[in-house]
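Participant: If you want the building blocks of each chain, they are given just below.
Number of protein chains: 2
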Amino acid sequence: MDGVMPHWLTKRAYLEPEKIAMELESGEKISFLDLKQKSEMFAKQLQTLGVKHGTHVGILSANHTSFIIAIHALSYIGAVAVLLNVRLTREEINFQVNDSNTSLLLTDEVMEQSAKKMSLTIPVQTFSEVETLKPGDLGVRDEIHTAEAFTIIYTSGTTGFPKGVIHTYGNHWWSAIGSVLNLGVDASDKWLATLPFYHVGGLSIFMRSVIYGIPVYVVPKFSEHMVHHAIMHKKVTIASVVPVMLKRLMNRLENDIYPQTFRCMLLGGSAASFSLLKKAKESQVPVFQSYGMTETSSQIVTLSPGVALEKIGSSGKSLFPAQVQIRHQENDGIGEIHVKGPMVTYGYYNRDSENKTVFSDGWLATGDLGYIDREGFLYIVDRRKDLIISGGENIYPSEIEGALLTIPGIEEAGVIGKDDDEWGKVPVACIVKMNPSITKESILSVLKDLLASYKIPKEIIFMDRLPRNSSQKLMRGELLKHIKKM
Amino acid sequence: MDGVMPHWLTKRAYLEPEKIAMELESGEKISFLDLKQKSEMFAKQLQTLGVKHGTHVGILSANHTSFIIAIHALSYIGAVAVLLNVRLTREEINFQVNDSNTSLLLTDEVMEQSAKKMSLTIPVQTFSEVETLKPGDLGVRDEIHTAEAFTIIYTSGTTGFPKGVIHTYGNHWWSAIGSVLNLGVDASDKWLATLPFYHVGGLSIFMRSVIYGIPVYVVPKFSEHMVHHAIMHKKVTIASVVPVMLKRLMNRLENDIYPQTFRCMLLGGSAASFSLLKKAKESQVPVFQSYGMTETSSQIVTLSPGVALEKIGSSGKSLFPAQVQIRHQENDGIGEIHVKGPMVTYGYYNRDSENKTVFSDGWLATGDLGYIDREGFLYIVDRRKDLIISGGENIYPSEIEGALLTIPGIEEAGVIGKDDDEWGKVPVACIVKMNPSITKESILSVLKDLLASYKIPKEIIFMDRLPRNSSQKLMRGELLKHIKKM
Chain U
4 MDGVMPHWLT KRAYLEPEKI AMELESGEKI SFLDLKQKSE MFAKQLQTLG
54 VKHGTHVGIL SANHTSFIIA IHALSYIGAV AVLLNVRLTR EEINFQVNDS
104 NTSLLLTDEV MEQSAKKMSL TIPVQTFSEV ETLKPGDLGV RDEIHTAEAF
154 TIIYTSGTTG FPKGVIHTYG NHWWSAIGSV LNLGVDASDK WLATLPFYHV
204 GGLSIFMRSV IYGIPVYVVP KFSEHMVHHA IMHKKVTIAS VVPVMLKRLM
254 NRLENDIYPQ TFRCMLLGGS AASFSLLKKA KESQVPVFQS YGMTETSSQI
304 VTLSPGVALE KIGSSGKSLF PAQVQIRHQE NDGIGEIHVK GPMVTYGYYN
354 RDSENKTVFS DGWLATGDLG YIDREGFLYI VDRRKDLIIS GGENIYPSEI
404 EGALLTIPGI EEAGVIGKDD DEWGKVPVAC IVKMNPSITK ESILSVLKDL
454 LASYKIPKEI IFMDRLPRNS SQKLMRGELL KHIKKM
Chain D
4 MDGVMPHWLT KRAYLEPEKI AMELESGEKI SFLDLKQKSE MFAKQLQTLG
54 VKHGTHVGIL SANHTSFIIA IHALSYIGAV AVLLNVRLTR EEINFQVNDS
104 NTSLLLTDEV MEQSAKKMSL TIPVQTFSEV ETLKPGDLGV RDEIHTAEAF
154 TIIYTSGTTG FPKGVIHTYG NHWWSAIGSV LNLGVDASDK WLATLPFYHV
204 GGLSIFMRSV IYGIPVYVVP KFSEHMVHHA IMHKKVTIAS VVPVMLKRLM
254 NRLENDIYPQ TFRCMLLGGS AASFSLLKKA KESQVPVFQS YGMTETSSQI
304 VTLSPGVALE KIGSSGKSLF PAQVQIRHQE NDGIGEIHVK GPMVTYGYYN
354 RDSENKTVFS DGWLATGDLG YIDREGFLYI VDRRKDLIIS GGENIYPSEI
404 EGALLTIPGI EEAGVIGKDD DEWGKVPVAC IVKMNPSITK ESILSVLKDL
454 LASYKIPKEI IFMDRLPRNS SQKLMRGELL KHIKKM
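Chains as they are written, first to last, in my numbering: chain U, 4 to 489; chain D, 4 to 489.
Just chain U, same shape as in the assembly (with noise of 0.2 Å):
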């Protein structure tokens, strides 16, 4: 789906000048105008840092306006935007940052600090730093090239390593207008970000903002008491969330009601609970499920209004311009969840070899588990075998593994996600040592360096042996079975 459209924010700003794109909790109000120039101004300063055309540049942030005003400026160059974690250590930045070529990091005032002490290769500017340089004038681009890269996101994917998802221009604008078909769009929209921006959950709201011209309002950092404040006061239409932030939320709700104008709670990440579905529908909250991924440029499967009570527990059905099968059916009707669309990414940068083996013929292999229903509706069984989503990050059990064996004296490692009334799931790691005074301590102090702190898992239980099967893979569906009998 390849072509030339307008530049989104500068047609945004042409259309409706006026109009609030991003609305803060200060009361701070920044129009498509404002956003327009700011981020142009930004693009040229970046120019004289010399960001061109296809260059990298990393963003190390929490949720502040200057990160979306940041995204914006690198599409006026046509540079791509490497999004990072700000939760991740200083070994998995620094992995990130080279794997993906990144040649310039921005980060806000905080970051920066924790940027000082990854010792970068490359250099760290914070976005006031750039915005007290001389702009240049190189100009910038009026128009917006679909195919070409526009962000880049790192997962583990199906096989537990990091690899990073270029999205083109192009899969954001399907995500946008895949959602716009579903969810339909009103001038007086108002979707709420609370997510992580460097998510492409978060991410997502503000292409749809500038695509659909409805204002952000923006809550930097979750709190239920917040994003309640705001639904209730703030006219809010829309939010997206997941799962541990509903229950949050749900918690906070007491006899409040939403108004009526508050229309959807997207609900992305991983699956909720039966109880929590329900208690959501006796508070008459209008919860759309989806399933999606940063493969998929946020959801490609959503729930839609019409029956999003009836079918309690599904992830909908595929977007309009979206597909999705199930191969390799078991007798179950269960099996891989296959999608395609033009959101869905091309491919991971630099990953040729596995490219090959996840993408075919325009599909992709999600690794999921799942079934479709006689009319027509997705059911996730299963995420990725052996993903551990927890309070909306995923966590891939072998990046822990790998974490684990470089310690020396431990011979096996097996990790699995166990359930967690508040974060859905954590982690939990099965060890074999060789090396008797290896504690969980020891474990856990070499850890803290080498992973996210989500990712650090809850338990550590020794084991003589790792179950395993015939050709020696780990069982872990048989280790789940051992700790829950603990």
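Hint data in this document are derived by calculation from the structure and do not stem from the laboratory. Do not take every clue at face value.
[Claimed, not checked] Straight-line distance between alpha carbons at most 30 Å, and here's what the computed DSS-like set of lysine-lysine pairs gives:
#1 D:LYS193 with U:LYS22
#2 D:LYS314 with U:LYS41
#3 U:LYS314 with D:LYS32
#4 D:LYS314 with U:LYS238
#5 D:LYS284 with U:LYS193
#6 U:LYS120 with U:LYS47
#7 U:LYS22 with D:LYS284
#8 U:LYS314 with D:LYS238
#9 D:LYS193 with U:LYS314
#10 D:LYS314 with U:LYS32
#11 D:LYS193 with U:LYS238
For this one, chain U is given, so just place chain D on it according to the hints.
Facilitator: Only chain D this time, still in chain U's reference frame:
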């Protein structure tokens, strides 16, 4: 913007099988699942007639459900629909059928009688006849290739000779997407269709219907009473009209007030008078002026909700994926309107040399004159210099002049459009005759076989000579001044 997506009707029927696709005045309702099943069956019956991928199939029909079923059926085969204006004469139809390489003509029962008198060299089948055929078993398409041709609609274009505008699936898709990003869409929307389906303005409503998942309320032949009734009582939210229809509706309105839920009267075809727009404003009718042509797959510039009443007389701003420019500007800012975007045709069928003149670097030279104000709003000053738009139909003077000059004894002919309260404009012919026996009556009796009735000059004025410039080019402006003085 080329690529693959699921077949629109199949996808919509999967997403919302029970939702109403078409609602008729009789009260009959057709769901998306019904529409899909009927269209697939019709496709298989067409296959029995030898219709296959790439076959050009003419449709000559009034506004019937079967017309729309035939369109979808052709898309299931990948065949191309050539839409013929039912008001054309035998000569005109024969020209378009031959020029477009049409190999089969589908008609309704009434048009079958006309078609019989046309001495066509291709087979003619009524919709009902096709419906009695044994369906083929070749299967139907489940995906759409956006770069492929879907429809051909003839227009005289800038040079006055009819040529077939090719609309790809992508053109229709992007037209629908451009509109939704301007007007928004809601599950409760219902779009009234009363424009001829063989015009792109009528056809496009049915494309939006399957893409958005909203019903079309069909008033097959315009009547101010029926359209008024539908807006007042049938929950119509949007209607597409041309100025002559709006005028009749405003007269019919009297003291009625349309329901609040009626949110858009989309006005296309030609410029409306200031007094008409003022009357609509006073009556709280939400008129959205727009600008478009067959080549742009309907509207490409539309006045958005927020400013519809402030910028009266303007056609608005280009739709989100589109661009508009004024080139060759005079001192007053007026110049030729150029448009670009994925809803713009890539060219006329078999007109390579004209295509090279009219299209360049993605831009279409419309031949229309206009200017853009400081805030970016487009104002049309003159449609394609000589174009006469009469009751929503385009009339090209050169075509009428050509017909007049076939009459022996007529030496010169010049046709211009004269203002008309009811139709906007009507054609007037100025003639220099060599043979004194030529009369108005004798001319009209010849023309009625050559030209559709709306193209027949409403007045014929005999003159001694026509005003011409030094290169002997007819000066229509002078001609117009002359007849205004009469």
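Participant: Against the structure shown, which of the earlier numbered hints fail to hold, in ascending order?
Facilitator: none
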